[in-house]
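Chemist: Chain residues, written in single-letter form:
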Amino acid sequence: MLFFLLVGLAVDTVYLGVFTLHGLPVPLATISTLLFSIIMTVTANNFGGHLILTSVGAEKLDIQIPEHRELHNVVTEMALASGCSMPKVYVVYDPAPNAFATGREERSASVCVTTGLLTLLNREETQGVVAHEIAHIRNHDTRVMMLISVLLGGVVLLSDWAQRSLFSSRYGQRHRSHPLIAVPALLLVAVSPLVSRLLAMAVSRQREYLADATAVEFTRNPLGLAKALERIRDANLPFRKATSGTAHLFIANPLRRRIDDREGMLADLLSTHPPINRRILLLYQMAKLPSGAAGGMGL
Amino acid sequence: MSWVIWGALFFIAAWIVWTYNGLVALKHQIQNGWKQIDVQLKRRYDLIPNLIETVKGYMKYEQETLKQVIDARSKAMASNGVKETAAAEGVLTESLGKIFALMENYPDLKANENVLRLQEELTTTENQLAFARQHYNDLVMRFNMRQEVFPANMIASFFRFQPSEFFSVPEAEKTAPRVNLSLS
Numbered sequence: 434m435l436f437f438l439l440v441g442l443a444v445d446t447v448y449l450g451v452f453t454l455h456g457l458p459v460p461l462a463t464i465s466t467l468l469f470s471i472i473m474t475v476t477a478n479n480f481g482g483h484l485i486l487t488s489v490g491a492e493k494l495d496i497q498i499p500e501h502r503e504l505h506n507v508v509t510e511m512a513l514a515s516g517c518s519m520p521k522v523y524v525v526y527d528p529a530p531n532a533f534a535t536g537r538e539e540r541s542a543s544v545c546v547t548t549g550l551l552t553l554l555n556r557e558e559t560q561g562v563v564a565h566e567i568a569h570i571r572n573h574d575t576r577v578m579m580l581i582s583v584l585l586g587g588v589v590l591l592s593d594w595a596q597r598s599l600f601s602s603r604y605g606q607r608h609r610s611h612p613l614i615a616v617p618a619l620l621l622v623a624v625s626p627l628v629s630r631l632l633a634m635a636v637s638r639q640r641e642y643l644a645d646a647t648a649v650e651f652t653r654n655p656l657g658l659a660k661a662l663e664r665i666r667d668a669n670l671p672f673r674k675a676t677s678g679t680a681h682l683f684i685a686n687p688l689r690r691r692i693d694d695r696e697g698m699l700a701d702l703l704s705t706h707p708p709i710n711r712r713i714l715l716l717y718q719m720a721k722l723p724s725g726a727a728g729g730m731g732l
Numbered sequence: 018m019s020w021v022i023w024g025a026l027f028f029i030a031a032w033i034v035w036t037y038n039g040l041v042a043l044k045h046q047i048q049n050g051w052k053q054i055d056v057q058l059k060r061r062y063d064l065i066p067n068l069i070e071t072v073k074g075y076m077k078y079e080q081e082t083l084k085q086v087i088d089a090r091s092k093a094m095a096s097n098g099v100k101e102t103a104a105a106e107g108v109l110t111e112s113l114g115k116i117f118a119l120m121e122n123y124p125d126l127k128a129n130e131n132v133l134r135l136q137e138e139l140t141t142t143e144n145q146l147a148f149a150r151q152h153y154n155d156l157v158m159r160f161n162m163r164q165e166v167f168p169a170n171m172i173a174s175f176f177r178f179q180p181s182e183f184f185s186v187p188e189a190e191k192t193a194p195r196v197n198l199s200l201s
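For the record, the sequence lines run as chains R and V.
Using the working numbering, you'd call the opening residue of the first sequence number 434 and step up by one each time.
Using the working numbering, you'd call the opening residue of the second sequence number 18 and step up by one each time.
It should be emphasised that the hints constitute simulated quantities derived from the structure, not laboratory data.
Small disclaimer: the values here were computed from a predicted structure and weren't measured.
Don't take each hint at face value.
Covered stretches of chain V (chain R as the covering partner; in silico rule of three or more C-beta atoms under 8 Å from a C-beta of chain R) [stated by the list, open to error]:
| id | stretch |
| --- | --- |
| 1 | 24-32 |
| 2 | 163-172 |
With the Cβ distance kept under 10 Å, some of the chain R side facing chain V (calculated, not the full set) [to be verified]:
| id | residue |
| --- | --- |
| 3 | Val507 |
| 4 | Thr509 |
| 5 | Met511 |
| 6 | Ser515 |
| 7 | Val636 |
| 8 | Arg638 |
| 9 | Thr647 |
| 10 | Glu650 |
| 11 | Arg666 |
| 12 | Asp667 |
| 13 | Pro671 |
Think of the CB as a built atom: it goes at the ideal place given N, C-alpha and C, for glycine as much as any other residue.
Generate coordinates for the entire structure from the input sequences, incorporating the hints supplied.
Modeler: Given below as structure tokens:
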């Protein structure tokens with residue numbers, strides 16, 4: 434919202450010259466961008482979860498299949514541990530082991546797991562993964578991340594629009610506002626897509642760490658999640674139905690770019706997920722075990 | 018200067034309302050947590066006769082253990098209050114664990130689909146019980162702590178809030194291994 438306000442103000446200042454004597458009496462662009470952002474936010478809030486579920490092809494559980502029943506039971510256990518109400522559970526028929534949670538409220542949240550994850554992980558490990566997803570729900574990460582993905586798209590759209598209008602001919606004619614005001618506005622318009630993207634990724638990474646920690650609070654068993662992450666890492670399969678827009682929702686980056694396994698400033702800045710090795714290491718530290726020794730034991 | 022006094026009074030009143038409401042909310046959450054435990058306990062009572070019935074034919078030489086479970090179940094069903102229930106449930110959990118361990122010796126049992134299904138049901142009930150208890154105890158800890166820390170303890174004692182009881186695990190169960198039977 435703040436970004437929309439700032440971008441709208443920038444457009445008003447530079448392009449329409451609202452804050453000069455001869456400009457428009459109303460900050461038109463600011464109001465319209467604010468309205469735009471409100472509409473988008475409401476849409477994302479109400480339909481976002483459903484859209485994402487259909488886009489990856491999620492299906493309801495078939496309670497007759499033992500694996501599905503086990504998943505249902507595990508989710509019930511974790512819902513009890515967290516004190517949340519039971520989320521809806523979905524599966525995606527896909528060999529890549531991955532999972533995500535979505536939904537704006539605790540009551541209307543859903544957890545979605547791939548069948549690859551169910552076959553690859555044992556009960557204890559599935560429990561860790563489900564706990565991580567429920568942790569996202571209880572921390573309201575689904576809401577935070579959904580808003581961020583909407584804002585990210587919106588800011589890029591707006592700044593593109595602002596850039597076009599800046600370089601069109603009308604700017605020259607309306608040169609009455611002080612040029613110094615225009616400089617920060619210009620800068621903001623140019624930089625906002627990049628900044629918003631980096632911000633979104635930084636938030637997403639911190640939320641992953643937080644969800645890992647909260648998951649351990651629920652299961653009191655850091656090794657379950659650590660082993661699950663190890664298996665997901667070693668399986669090394671991309672989840673093809675995920676897009677860059679929904680990547681941040683998953684437990685492990687579904688796009689599997691090389692950069693995610695590296696550590697260092699640049700990799701840290703550009704990825705939606707923290708390096709998976711670092712997450713595993715932190716979980717082993719919670720269990721007070723050195724990662725090397727226990728890692729061999731787990732597999 | 019009078020508005021300063023009014024402002025201070027307003028903030029104090031707001032703080033009292035906030036603290037009181039927080040305590041009441043926690044109290045109800047604890048009650049709800051206890052209900053969740055109760056649901057799991059009931060479910061376990063219902064499942065045990067099924068398990069015994071299915072297993073009886075196979076485990077001819079373990080009649081003593083089976084009888085122990087039935088006894089522990091009826092004792093747990095008759096108990097009242099947090100402390101007594103916790104103790105009786107501990108015994109039941111232990112004897113169930115024994116049966117699960119013994120079942121490993123009977124390959125016929127593990128091939129039976131009915132038994133596998135029951136086993137998963139009981140495993141999840143045991144886990145749900147453990148997690149419901151964990152959540153309940155976390156809530157009790159928060160509730161009791163908030164009643165004791167200054168200055169909220171003044172509100173708590175004025176409105177006569179009582180500390181809640183933990184659902185504590187009896188000594189016997191602490192030594193018993195946690196039931197964890199996966200189907201895979």
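Chemist: Take the hints in turn and mark each one as holding or not.
Modeler: Hint check results:
1. 24-32: violated (count 0)
2. 163-172: violated (count 0)
3. Val507: This hint holds: valine 507 of chain R lies near chain V, its Cβ roughly 7 Å from the closest one there, short of 10 Å.
4. Thr509: holds (6 Å)
5. Met511: holds (7 Å)
6. Ser515: Holds, because the Cβ-Cβ distance from serine 515 of chain R to chain V comes to roughly 7 Å (cut-off 10 Å).
7. Val636: It is violated, given that the least Cβ distance between valine 636 of chain R and chain V is near 27 Å, above 10 Å.
8. Arg638: Result: violated, 27 Å to nearest chain V Cβ.
9. Thr647: Violated, because the Cβ-Cβ distance from threonine 647 of chain R to chain V comes to roughly 13 Å (cut-off 10 Å).
10. Glu650: Interface hint status for glutamate 650 of chain R: holds (9 Å vs cutoff 10 Å).
11. Arg666: violated (20 Å)
12. Asp667: violated (17 Å)
13. Pro671: violated (25 Å)
Against the hints set out earlier in the document, violations occur for numbers 1, 2, 7, 8, 9, 11, 12 and 13.
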